[in-house]
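K.L.:
Protein chains in written order, with the working numbering: chain W, -1 to 421; chain H, 1493 to 1584.
Only true hints are included.
Think about it this way: if two alpha-carbon atoms lie no more than 30 Å apart in a straight line, the pair counts; the simulated DSSO-like pairs of lysine-lysine are:
| # | chain 1 | residue 1 | chain 2 | residue 2 |
| --- | --- | --- | --- | --- |
| 1 | W | K7 | W | K278 |
| 2 | W | K32 | H | K1579 |
| 3 | W | K7 | W | K357 |
| 4 | W | K278 | H | K1579 |
No lab work stands behind these hints, which were simulated from the structure alone.
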Amino acid sequence: MSLNAFITKETVESDEDGPLSGKTIAVKDNISTKGLRTTCGSAMLEDYVPPYDATVVELLKDAGATIVGKANMDEFGMGTTTETSAFGPTKNPVDESRVPGGSSGGSAAAVAAGEADLALGSDTGGSIRCPAAFCGVVGIKPTYGLVSRYGLVAYANSLEQIGPIAPTVEEAAGLLDVIAGPDERDGTTHDEGADSDYASAATGDVDGLTIGVPTELVEGADEGVKEAFWAALDELEAQGAEYHEVSMPSVEKAVAAYYVIAMSEASSNLARFDGVRYGKSGGYEGNWNDAFARAREEGFGPEVKRRILLGTYALSAGYHDKYYAKAQDARAWVKQDFDAAFEDVDVLASPTMPVPPFKLGESLDDPLQMYLADANTVPVNLANLPAISVPAGETDGLPVGLQLIGPKFDEETIIRAASAVEN
Amino acid sequence: MSDTPVDADEVRHVAELARVDLDEDEVEEFATQFADILEYFDALDEVPEVDREDELVNVMRPDEVREGLTQEEALSNAAETEDGYFKGPRVS
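Please build the complete structure, drawing on both the sequences and the hints.
P.N.:
Set out below in structure tokens:
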């Protein structure tokens, strides 16, 4: 049976010779590929063929990679299960009755099933780390600004980053080396990462490393997930690392802050899909507003409509201060909590997801419950920090991911620590 | 609970602002879900006021003419065009 990991299966060979020669790569379908259909998992963009490559895709081609298709995803990146895709859900290769996580579920499933050597995903609130954890592979959410977002179809641009998914920490770090660095077409990029060698940071040596465990990110987790998590930390301790619990009260407000900010940005970013500039027109008669509203009714799925409407509400007169302004306060608070924590520790660790992979269809009816599953990943995006998810054992035969979070632009340390988890 | 409960009329109003038509089933479903979600967002009321120390810098470059998409490429995904422009529905 097909996993439905790809929306478009088409091979694009590269003429170049580089570090990714001979490697096959799945590219998430919200990353623009010249001449290759890019749908964002949405019926709205079913026929959209970008006239240019995203910067990361140019970099893949320059590095000699072979693109093997556009990976399935939650519509416009909105979901934690890859079930909101207009092209049907992706199955988890570890257990096909379960979801692969989301929103980069196709990317992680393709790598876990060996349908691609490596993959690119994007992470707005955990969309690389969640599917990496659920499929038993490695995913890195880079520091905000490390990787160019030029050519990434925007969902919530103050939060999202493109990043690698791979079978091992070293391979994920090697792919990050290819895509990291400044880009004059993205003013938020940074000089860090220009001449990176993250792959060689995967030494497996954690002797002397100090790890903080935010209690708030462990307490609510499923028992089996907790057992695997603590066993992984004990293993790191046996290799010479030291860990202790820390308290970060702000992270308990992170999910609410994340969704208010992400939905607000989405309501603005997705305004371009009006059936005239982008998206299907439907050919409706009537005035501009009516025609747009009907094209958008038809083109967007329920989760996208839900987020656009909630974002519009949060930004509307009378509610802006209550929701959006407060969410920005929470974001600043989360950043402060992380800064304070990193004064005493090298990295922070938590389970990537508080639960094992959901059964297909299980979470669709209750959006709030699905949002709460992102509790451990969203604080990282609010604080613009780097984080990695690395496989750390199983619960009932299902993969558990360990998340390691580092200070801004300190990808080396989380890569080093994660490589020790593989030992 | 939010100051104003979310009822079907409010969902319809926001949908109009957002330019998204909804059918009646969606309006009812969203009204119920929004009440739950917004109640959860009320947790933000407990967030203290925080000094933001954003180190924002403007990233500038010279405004030089450079190669871009051709007009044809830029319009290649538009359903309807006329004389090199996007053709949209009438404005009112």
